[in-house]
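Just so you know, the sequences run in chain order A and B. Just so you know, we're using my numbering here: the first sequence kicks off at 1 and counts up by one. Just so you know, we're using my numbering here: the second sequence kicks off at 399 and counts up by one.
Some hints here could point you the wrong way.
[What the hints assert, rightly or not] Capping the alpha-carbon separation at 25 Å, the derived lysine-lysine pairs in DSS-like fashion look like this: (1) B:Lys568 x B:Lys586; (2) A:Lys312 x B:Lys518; (3) A:Lys316 x B:Lys518.
Read the hints as simulated data drawn from the structure, not as lab findings.
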Amino acid sequence: MRKKIAALLIMSLSLMSLAGCGAEDSAVPEPESTAQTKAADGSDNAEKTIKFGVIAPLTGTHAEYGQGFDAATQIAVEDINAAGGVNGYKLELECQDSAADAKTSSDIFTRYAEDDEIMAVIGDFTSSCCKANAPLTEEYGLVQISPTASDPSYASMSEYCFSVMYNQSTAAPWTAESVVGHFLGKSECAVMYLNTDWGITTNDYFLSGLDSAGIKLLGDESYTENETDFSSVISKLKATGADTLVILDQGNVPTIINQVKGSGWDCQIVSLGPGASDQILDLCGDNAEGLVIPCPSYITADNPDTSDFYKKFYDKNQCAPTDHSLCAYNAVQALTEAIKSIDGEVTRESIKDALKDVSYDGLAGHTQFNDDGGVSRDLLIIQVENGGYVVKEKYGYR
Amino acid sequence: MDGYLISQIVNGLCLGLIYALIALGVAVIIGIVGFATFTQGEIVMIGAYSSYYVFLWSGNNLIYGMIASFMITWIIGMILYKVCYAKFFDSPEYISLICTIGFSMLLKNLAQIFFGAEKKPMLNIIENRIYHLGIIEVSRVQIMVLVTVLIMVTILSILFTGTSWGLKLKAVSQNREAAALVGINVDKTAMIGNCIGCAIAGVAGTLIGIYYQSAYATMGATLSMKAFTSATLGGLTSVPLAALGGILIGVTENIGIAFSSASFRDIFSFGFLIIMLIFKPTGFRRKRGARA
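With the rest of the complex left out, here is chain A:
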């Protein structure tokens, strides 16, 4: 026994001394410089890097989209680095999982903010998480560019907040008027929405759209984010006699569709939020037939503009990208364009200032931020037919 204890002690001491050596070794060379210090001297450009922090829900209900963020931002960085980087800098990424939890998201943001190497943050997925981080962007002077936050109140919360996703103040009323009213020709509908900042705001704008289009609202029901059984909400809305159901959600949409069809309610389903997601087709099968989705882009392998991105994304993630992933790619592009336009030192502050003036045509179309830090995007109308998505109406529909 004593021998064992002695052996363990020796091993522990050896490991501690090795760890100590490692720590000394890493402290000897010049600390990994931030882009700020390296940009200032203007030399040794080939070695210089700019690092972005990514916050994404890699687990939980929105995991499909979070993993899409991770893959798409990596593809963007690989593409930009392969093309020689930006202003001589190579880009680097660090991605952490928020599980779409606002507190976790803010913890990660703070960690990034206190890391001098991080020059900007890309994320988070939900508007709630992004809004929780907004005061921190101001406090630390660090840009948060969300690929997907579409709550109209988010981007205006701080001059460091940006979003490359469309804004629900225009998309939700458009869905009510143009998709439900004109495209489907419906005069009444029922709505179920996620009880979060995003869901409540989107629902409010959607209802205002129904009102101005003269479409009668037969039922409007909310549910919490971790809901698994929607049967009670479905029964409630089914009892209104509605023949059209609008779902304002992302990750729960497949489960809701299955439960709607499982309940025997034969209604037309429209969903604002999920994009043309592969998960919907995989998880719903035949139940998804006829589903209508308004979406700012539809990325296919045969679209020459996006086929390269599609292929790279598929190789990395084993599923087709949604518009959310494209927006994550676009967020890196926006930051790159901003850095390109900076003459002097690349700092967190100069990135923020430069982002306000970027204007470019990228994979997600033309990107130019408005005064509130958001962008305008046109929407397609996509429908599930024979197990696949079909673009029914192109950009500029009504």
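With chain A fixed as given, assemble chain B onto it according to the hints.
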């Protein structure tokens, strides 16, 4: 009573049966091992994943799926017993309780690493047929869940009251020292009790996966709390009363939602639990902590 309210009560019954399925295992574990468990939700998830992969391999063979989930969760139950209970019988109860919480986190995170964070489709395992009984609509899967709960309650009741093996389980649950004195292998018996509880949750996982048509790593989180609530209502250790607790929780939630919003679901279930425990702290049992 109008058709809408009846349909909400039927929905509540079906959801309650899902809670009951998981609560059965909780009651068995607390009754025999004597410790609370917070891993049932994750055992349900492992059961769902087990059957998902067997369905892929066997072409949606339901029997194979159930056998696989039963066996794999039985093995998980053995590991769980060794890690969370075996060493802590003489320690304060909160030690094993915290161990089960840690074990559940471990299982959830390992599932996300090995199976991926995305939902796995469990489509068309059972044909989606709706039966109309007057104004009541019931699906085939809902009938299957009901039948499974009834079969399990019956089997477990017979096992605990009508067999010598059940007597051993009961003896261990009532007094470990006395059971050891009469020659019962207490450790092995308690482990088997835990494995039975886990295997029931595993089979529940298969049915829940089929019912919701998907399996994913976080599927057990909410269900676990509801199952524990159901078992608490049933007096913690009684199998039939735990099932009754689950059904009542499900019905209470849905009637509440019928008159308000689904956003208040947890208020109804946990509110019901609190009110019930204020007036009857032993739950539906006459005596606190009486064994199964």
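Okay, the hints, checked on the actual structure:
no.	hint	result
1	B:Lys568 x B:Lys586	holds (13 Å)
2	A:Lys312 x B:Lys518	holds (23 Å)
3	A:Lys316 x B:Lys518	holds (18 Å)
Violated hints are absent here; each numbered hint is respected by the structure.
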